[in-house]
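Keeping their order, the protein sequence lines are chains A and B.
Number 223 in UniProt numbering belongs to position 223 of the first sequence; there are no gaps in the numbering.
Number 29 in UniProt numbering belongs to position 29 of the second sequence; there are no gaps in the numbering.
Honestly, the hints are just simulated from the structure, not real lab data.
The structure presented is a predicted model; accordingly, all values stated were derived computationally and were not measured.
Incorrect hints may appear among the rest.
[Unchecked claim] Partner residues are not named here, just some residues of chain B that face chain A (Cβ under 10 Å, in silico): (1) G37; (2) Y237; (3) L242; (4) N275; (5) H279; (6) T283.
Even glycine gets a Cβ: it sits at the ideal position worked out from N, Cα and C.
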Amino acid sequence: MPTHAGTPLIEVSHLTRVYQRPRTSLTKPGGAVHALRGVSLTVHKGERFGIVGESGSGKSTLLRLLCGLDKPTAGSIRFDGQEITGLPERRLRFLRHSLQIVFQDPMSSLDPRMRVRDLVAEPLVALGEPVGGRVAELLDEVGLPASAADRYPHQFSGGQRQRIAIARALAPRPKVLVADEPVSALDVSVRGQILNLMADLVDEHGLTLVFVSHDLSVVRHVCETVAVMNDGEIVETGAVDDIWIEPSHPYTRALLQAVPTLEGLL
Amino acid sequence: MLSVEGLTVRAHAAELVHDVSFRIGPGERVGLIGESGSGKSLTALSLMGLLPEGVTAAGRARLRDRDLVGVPESRLKDLRGRAMSMVFQEPMTALNPLMRVGAQVAEVMTLHGKPRERARARAVELLGRVRLPSPEQVARAYPHQLSGGQRQRVMLAIALANEPELLICDEPTTALDVTVQKQMLDLIAEVAPALLFITHDLAVVASVCERVLVMYGGRVVESGPIREVFTRPRHRYTEGLLAASKLTPRGTRLPTIKGSVPPAGRFPGGCVFRNRCPHADVTCEKVPALTGEGHAHACWHPADRG
């Protein structure tokens, strides 16, 4: 187990994001949606950090902000000591290099008209880096044959497509891997393969992992630290095992009780 | 009450569901589990007579004394939504976005001959029965004004409108949040007459049903009482699925089933699971029959009761 007394890598403080609803009347402005209400968290180097919440909790908004895909209404995000909020895209290159994402549904996150070779090389091409033999190397790392490079995403199963998405994310050798519900769309028999693969890769490359899920039991298997989100706020944060055994916030307790488990039912 | 015998579903040359047989008694709640491509949804759709174009069902399925397979559409139309009804996974695509919710609940009753006024009143009553707060108001709302969980309750109200004998639910809670899922499952268990519940989630099926059918590659590979099947699985696929569902402590390897589910029509001959099974040998090139009273399995090398 790595210890995190060390360096904070991502520091989020008092992050707020308010969306404006489109107006429904000529005279009045549309209502406001408070997607994030002053969220603060710290992810240390080498840590596996989980974010748990249901739809509408603000976890996707938080993720978009972390990845520099959206601008907050207020608050700050420092990545490796550098402020990323308010930076124009051309000055976010370092972030694109150091932080990569794997999305939930590999069918919609991979361009169906691109070959796997180009999909995996695209982050490198975008950053102006040499591709060389990197594609074959990456495919091998995620357990796909080299021949996969010439095929299209639809020729693969869901689990294999998620492997392609992981290979693509690892292409620029990031420091941080962000995974947004990476196994929610997969069959149970394949879920374990992908979680094992991610654990291996995080270990091998010394990655920092930010893992978003609606399922606290999956987060417990993957992460050591967790933040539970509800209604735009972090209601509880700390070591996963502590929260699992003794949730202190009523929402966390409700969440834990609602998840049906085989052990509990049989 | 529902008896299915030798149900086979074909699309052109490919056989997608092979020789499926089971029964559901009055008031019984039966789960049908399997991963994507196992044929579980096709099994349900063939009972409802809702198979897509080019896909045909053969075999026998009877709801009390009425045949469901191989009968003309006009007969099925009369049964669907009345004697049997179905709740689908995605309520947003199943509901008509241009019609008020109350009218959609009433429609299924007027279609089966209930006078309009009585149907309207009963629609509100039904929305209350599925525990929607202020049902009169909900009845006047359009689907987009409701949350996912509320929409799924509306679907359930529509399904229950004509007091069906059989309710089929196809992944009714997959698109819902866990806290909403729990309420929905409790509700389904409470209101369902006889239930066929389709899901890929083992824990969900265990919380709703009494008996389970495990499907893989278009076949029922194991069936029996939930507790029996989930604590002492016989088929190697069920065994693998149960192992893969349990999340072991952090830092340990998760048990997995090797490979992935083959695409439809590409399952191996003989035992459909043999290309992924750690116990497969030459015997498995022959098709194993589903044998056993009560707790049945179709496997040449079943896991030992332990």
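Checking against the hints above, which ones are violated? 4, 5 and 6
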